[in-house]
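K.L.:
In the order they appear, the protein sequences are chains D, G and U.
Position 111, counted from 1, in the first sequence is what the working numbering calls 438; the numbers after and before it change by one each time, with no gaps.
Position 74, counted from 1, in the second sequence is what the working numbering calls 80; the numbers after and before it change by one each time, with no gaps.
Position 30, counted from 1, in the third sequence is what the working numbering calls 102; the numbers after and before it change by one each time, with no gaps.
Incorrect hints may appear among the rest.
[Stated by the list, open to error] Quick list of simulated restraints, FRET-style, between CB atoms:
(1) D:Pro458 with U:Val275: 32 to 42 Å
(2) U:Leu149 with D:Lys429: 31 to 41 Å
(3) U:Pro142 with D:Pro458: 35 to 45 Å
(4) U:Met341 with G:Gly134: 19 to 29 Å
(5) U:Val275 with D:Pro467: 42 to 52 Å
(6) U:Asn351 with G:Asn30: 35 to 45 Å
(7) U:Val348 with G:Gly134: 47 to 57 Å
(8) G:Asn30 with D:Arg469: 46 to 56 Å
(9) U:Gly146 with D:Pro458: 15 to 25 Å
(10) G:Tyr43 with U:Ile84: 19 to 29 Å
(11) G:Leu36 with U:Leu371: 33 to 43 Å
(12) D:Pro458 with G:Gly134: 30 to 40 Å
[Unchecked claim] A few chain D residues that face chain G, going by a derived Cβ cut-off under 10 Å, partial list only:
(13) Phe341
(14) Leu457
(15) Pro458
(16) Asp459
(17) Pro467
Worth flagging that the hints you see were computed from the coordinates, not collected in a lab.
Note that beta-carbon positions come from the ideal geometry of N, C-alpha and C, so glycine has one too.
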Amino acid sequence: MTIDEILQKLQERFGSNILKVYKKNDKRAYVDIYPKDIVEFTKYIFKDLGLRFNIASAVDDFDALEILYHFADDASGYVISLRALIKEREDPHIDTITTVTKSAWWIEREIHELFGIHFDGNKDLRPLLLPDDWPQGVYPLRKNFVVPKRDSRKS
Amino acid sequence: MGFREKILTRSLYVFHVSSGSCNNCDIELLDCLTPRYDLERFGIVLVGSVKHADALLCTGSTNRMCVPRIKLLYEQMPKPGFVIAWGACGSSRGLFKDSYNTGAPLDEIIPVDLYIPGCPPKPEAVIGGIKKLVEKINTTR
Amino acid sequence: MNILESLFQFLIFPGFIFSAVMGLLTGWVDRKVTAKVQWRVGPPWYQNFADVIKLLFYKETLIPVNVSKPIFLGMPLLSLASATLVSTIVLVINGKPGSGFLGDLIVVIYLLMIPAISLMLGAFASENPLASLGASREMKLMLSYELPFIISILVPVIKAGYAIKLGDIITHQALFGHTIASLSGFLSFVVMLFCVQAKLGFVPFDMAEAETEIMSGTYIEYSGKALGVFKLSRAVVLFILPVLMITLYFGGISSEGEAFIRNILEYLMIVALVVVIKNTNPRVRIDQAMDFFWGPVTLVAIGAVAFAYLGH
């Protein structure tokens with residue numbers, strides 16, 4: 328299946344729930360969606376179309392928090408990314424996709440500890456990479472995080 | 007420059023520790039053992055256990071989770087032992103100095119005997135650095 | 073044979089000092105040949121001496137907290153003592169073939185097992201899970217290679233007229249030709265070459281001390297003096313095993329000029345074979361090693377014994 332066929336199938340299935348489709352080249356495409364639809368999209372892409380869940384990445388745009396879910400087709404080498412924009416910066420929530428694929432568990436732990444986004448339904452959101460004595464509620468990759476001035480002799 | 011220093015400088019067993027590096031420095035270390043730059047002719051061997059080591063070679067900018075572990079490794083190295091800080095990240099955390107995860111540079115955690123700058127250091131710089139370490143051992147101990 | 077003469081033979085020549093020096097030099101030959109095979113320059117001749125002196129005199133010995141000190145520190149000494157004893161016995165008998173005793177070949181075979189067993193005990197006493205892993209691999213490897221080793225030693229014994237004394241094997245070969253000049257002798261020499269490779273702990277059978285895989289396995293907790301003594305005992309074993317092979321297959325070390333030069337060449341040839349096998353092979357898994365030793369190698373050894381019994 329080429330990337331155009333995948334985009335067309337998504338358009339037929341989901342129609343009005345897709346905000347924007349941006350096809351960058353023959354190997355890369357971005358599809359903007361609402362955060363509430365993420366589980367449905369994942370089920371369709373993962374189970375029916377048979378793409379592999381690659382990784383998720385997150386960015387802090389100044390007015391919203393953005394999560395990208397990347398799905399890859401290993402036979403042809405193209406990657407489709409679903410972009411979900413979360414507008415509430417105070418208490419961001421999104422549904423977890425571990426009900427569809429267990430491989431998303433650890434990346435959701437990482438996004439939770441670095442951005443503060445809570446994944447509803449993921450029962451185990453312990454920190455993954457930050458040290459044990461990192462203060463709660465401080466999320467390093469948000470834009471309003473300031474690196475504390477280095478106190479020499481302490482780490 | 008006595009017999010003890012001569013023996014210590016002729017056979018250095020090196021234990022390699024990476025505390026959060028991008029692995030470029032680690033590849034460069036293996037590069038120094040290839041036939042073109044051959045570090046084994048100076049007696050330098052990479053060992054598997056820290057208790058066999060004479061020199062602890064640290065690559066990578068020390069991130070917070072590695073700090074207690076690097077201290078443990080330094081204590082487990084039998085003295086007399088030396089510490090070599092490899093690369094820009096080992097010397098001063100390099101371009102990660104304003105990151106949230108690198109608290110202090112390596113020389114505020116364990117005492118460092120040799121800095122080899124570069125990102126990654128060329129093998130010629132490594133050989134020059136080892137020559138300086140040999141001179142330092144011979145003159146100050 | 074008074075006490076002073078025995079002590080001199082055990083400690084100085086051809087015992088501890090002589091075997092250790094020759095073993096460290098043989099280790100240097102190994103490193104230099106490895107370097108040349110890899111197109112490198114390689115370390116200078118005094119490298120192994122510098123390593124051992126540094127470990128023995130200038131580094132501190134760290135002992136883990138809960139180990140039993142007699143076993144942890146005594147195993148290196150046991151290993152060195154038994155290797156030196158083997159070296160003394162084999163070289164004294166080579167000098168004077170009449171001075172052995174009945175069953176000295178069996179004593180030599182027993183004593184050659186002790187370095188591996190003491191390494192295992194020392195590793196189990198280290199209280200480290202990686203050391204236990206290395207020790208269990210060493211145990212399985214020992215079970216694998218001891219069988220064809222002992223079967224292949226039967227061939228020189230049979231060819232020398234069922235003689236168990238090393239001195240009789242040497243004198244028989246001086247009169248009737250070397251063991252290796254026959255079909256069974258050649259086959260059993262090949263089998264013993266593989267067993268010696270495993271006994272020395274060289275690639276492809278070095279999975280017990282696997283440097284980067286299990287962080288030096290059995291040696292992981294040893295440092296300073298204990299590690300230096302282990303390295304010395306490995307050097308002595310590296311020296312004495314080719315000498316034993318020369319005794320059994322090439323007629324022993326003789327003291328006349330021309331035959332002595334030939335012996336040195338045979339020694340270097342065996343060491344070079346071991347080093348070339350070491351450099352051209354990857355490390356194998358322990359179950360592959362067991363299949364190898366209990367399968368083809370044992371069958372070839374049994375075949376060699378059958379040929380020797382039939383007179384070939």
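K.L.:
For each hint, tell me whether it holds in the structure or not.
P.N.:
Cross-check of the supplied hints:
{"no.": "1", "hint": "D:Pro458 with U:Val275: 32 to 42 Å", "in the structure": "40 Å, holds"}
{"no.": "2", "hint": "U:Leu149 with D:Lys429: 31 to 41 Å", "in the structure": "54 Å, violated"}
{"no.": "3", "hint": "U:Pro142 with D:Pro458: 35 to 45 Å", "in the structure": "42 Å, holds"}
{"no.": "4", "hint": "U:Met341 with G:Gly134: 19 to 29 Å", "in the structure": "41 Å, violated"}
{"no.": "5", "hint": "U:Val275 with D:Pro467: 42 to 52 Å", "in the structure": "46 Å, holds"}
{"no.": "6", "hint": "U:Asn351 with G:Asn30: 35 to 45 Å", "in the structure": "29 Å, violated"}
{"no.": "7", "hint": "U:Val348 with G:Gly134: 47 to 57 Å", "in the structure": "35 Å, violated"}
{"no.": "8", "hint": "G:Asn30 with D:Arg469: 46 to 56 Å", "in the structure": "29 Å, violated"}
{"no.": "9", "hint": "U:Gly146 with D:Pro458: 15 to 25 Å", "in the structure": "42 Å, violated"}
{"no.": "10", "hint": "G:Tyr43 with U:Ile84: 19 to 29 Å", "in the structure": "42 Å, violated"}
{"no.": "11", "hint": "G:Leu36 with U:Leu371: 33 to 43 Å", "in the structure": "41 Å, holds"}
{"no.": "12", "hint": "D:Pro458 with G:Gly134: 30 to 40 Å", "in the structure": "36 Å, holds"}
{"no.": "13", "hint": "Phe341", "in the structure": "38 Å, violated"}
{"no.": "14", "hint": "Leu457", "in the structure": "8 Å, holds"}
{"no.": "15", "hint": "Pro458", "in the structure": "4 Å, holds"}
{"no.": "16", "hint": "Asp459", "in the structure": "8 Å, holds"}
{"no.": "17", "hint": "Pro467", "in the structure": "4 Å, holds"}
In this structure, the hints that do not hold are numbers 2, 4, 6, 7, 8, 9, 10, 13, in rising order.
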